[in-house]
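Please build the complete structure, drawing on both the sequences and the hints.
As they're listed, the protein sequences go chains A and B.
So the first sequence is numbered by the numbering used here: it starts at 1 and just counts up by one.
So the second sequence is numbered by the numbering used here: it starts at 1 and just counts up by one.
Just so you know, the hints here were simulated from the structure itself, not pulled from any lab data.
Beta carbons are placed, not taken as given, at the ideal position from N, Cα and C, and that holds for glycine.
Hints may contain errors.
Stated by the list, open to error - Just so you have them, the derived chain B footprint on chain A, three or more residues with Cβ under 8 Å:
| # | segment |
| --- | --- |
| 1 | 43-50 |
| 2 | 332-343 |
As the list claims (entries may be wrong) - Restraint ranges, calculated between C-beta atoms of paired labels, are given here:
| # | chain 1 | residue 1 | chain 2 | residue 2 | range |
| --- | --- | --- | --- | --- | --- |
| 3 | A | Glu-246 | B | Ile-250 | 44 to 50 Å |
| 4 | B | Ser-294 | A | Leu-54 | 41 to 47 Å |
| 5 | B | Ala-129 | A | Trp-263 | 55 to 61 Å |
| 6 | A | Arg-59 | B | Asp-246 | 14 to 20 Å |
| 7 | A | Asp-205 | B | Arg-94 | 29 to 35 Å |
| 8 | B | Val-152 | A | Ile-207 | 56 to 62 Å |
| 9 | B | Leu-337 | A | Ser-38 | 23 to 29 Å |
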Amino acid sequence: MSQMDAAGASSTTIEPIRVKQRFSPGRFIGEIAVEIFSFVMNTIEIVVGPLQRLIGLERMPYFFLLPNMLIFGIFVLFPMVLNFFYAFTGGTELFLRDRPYVGSANLARLFDCQNFLNPNSCNQDIFWRAIRNSVTYVAFDVGGIVIFALITALILNRNIRGRGFFRSVFFYPVLLSPVVIGLIWKWVIQTDGILNGMLNLFGGDPIDFRRSAAWMRFWVVFVSVWAQMGFYTLILLAGLQSIPRELYEAGEIDGTTKLRGFWHITLPLLKPTMLVVLVLSLIRAVQVFDHVFVLTGGGPGSATTFIVQYIFDTGFSNQIKQFGLAAAASLVLGSVLLVLTLMQLRVGNRGDDAA
Amino acid sequence: MTEFLTRKRGRSGWDVTDTLSYIYLILGTFIMFGPVLWLVLSSFKTPQALVEFPPKLLPTAQQTIEVEGFDEPLLLFDVPMPGGTVRRMARTRRIGLEWHFIDPANPTEEPLVIDTREVSGIEAVRSVALALNNYTEPLERFNFLRFLRNSVVVTVTATAITLIINSMAAFALSKYQFRGRNLIFVIIIATLMIPISVILVPVFLVIVEVGWKDNLLGVIIPGAATPTGVFLLRQYMLTIPDELIDSARIDGASEWRIYWQVILPLAAPAMAVLAIFSVMWRWNDFLWPLIVLSRNELFTLQLGLNSFQGELNIQWHFVLAMTVLTLLPITLVFAILQRFITTGIATTGMK
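Printed below as a string of structure tokens:
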């Protein structure tokens, strides 16, 4: 590595090659942006140039890391440690110095259950309901996403007319905000909404979806699959397109049927991608909050209250703010995510091996 | 059914699997776009049209007519006559179930009195009409423009900060050998999947201590140092040859100049992907702003929408119009950058 002294660095600027071009507003804005960017960067250079001479080239990487690490440390790493302090202190005060140490009382309260399968027997019955709801939600949500994303990807991988269009159609909801998604569907499944209107057209009786726990559990999953499947379809599509065509051609020469081709060529080679989809959707399903909050508010009753909403309610939304309990519940959620992340890392490694 | 599952090869001809595929795709298009289309159509309906059941597809309104001698415009109806004909008449009075009609062309005529229990088939005359004040009224009456401004401020500032500090960190992690590099990288990988929902309480404390509660900075800064961004940029910068940096150093360029004049332009594709993601994250962010911002004038669009829909009597005609305005920018960006976004996601596998 060259250890050139940086003194006199400012004398060498790289001159851009200028080509005469017709005026266009887009390029004009672009050029202004570049000018501003260069101006800012050159201004910073006035400070950073001498700094490099002061601390030396070997310490420059620390300078480059500093802003990121500062924010990361203050707003991510430090809070991760603080979370334990909250989990082991009680009261409703936010500031740690005002909070009495209560040991594992918060965790004990969360796990204070006569029978873990019956939320009604628990001190924090809503927590256990939230866990139970989350488990069913995760199972159906991940299942739905994997199945529909796979079917869609397989179809879009064929010689279909308008492939680009259909790919965009299935992807479009991915970009919408969860609040907008929640509102769209809240409007569609209104008691006097379009869905009941269509039911009415075919002679059915209108259904009061918003009052039925079973229906709202269904809609929460349905809307999540609707909103996310396009994203996973794209990942699976990329996986499918990396399977060499020659394998199918060789199979055809050997007289392999298409179903066998699917089972013995497509599925095994798609497995690493499928695992990525599985784990990613799993991690996101465990943390579900936004669209459910808008669509159902956790109801009816607590039928669609999930873990993050329990944390939000206990710590921020309810009248009595039980930060300790919320932090303890965060610990539980955090450990679940940790396990899933470790799984993902192992899956990722295996995926690399297979590739 | 079996062929339906397998990829179609270079064989021409139409078979049953093609039909099934197209049926699936067209049905899928209907389910994916239908609700959004319905939202847009509904957003142009008047409050009266919105509560109609079964709902009409197009935004319509009952036609009214100005008739001499009456202050208010009168509602138009098609009234069946005893002889089997239908006359178009304006309703002048409504006394319980007894409705009074006149012929708008002949207003001085004796009004026709009809008991609606006896005559069935009186139909309102409707025509397509866009209730544009669903859009204009919230702009005046509510803080909608304020929410929009807040959302833009948060999205633009946060994205700029994210791009700069993450690319600086990625540059350090990909192009230098230094002590602690592996440790920092492992920490970043380990926190890749730790969402803010796991540390809500302590981050909230930090925000309160720093004095950023009810301050847009409290929304902008905590998420700026995203491990995902550092990871994505680092992986990309690893592919930039070190010789470029060495030769720039020989030419006497400082490290800062190497960063912004050599590395950043070459990392532009990865920066663009991160920029798009950051805009999406920030524009759509909900849970964290919900906790940090409690004053109405600081709300972002998402919080504003949520607060309107949380009211006891939801004013759907306003909520729908504002929802359309909220999804409009993202839709436009998608329409323009569609190919770029879809390939960007397919190759990086993140969102």
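Could you tell me which of the hints above the structure violates, numbers in ascending order?
Violated hint: only 8; rest satisfied.
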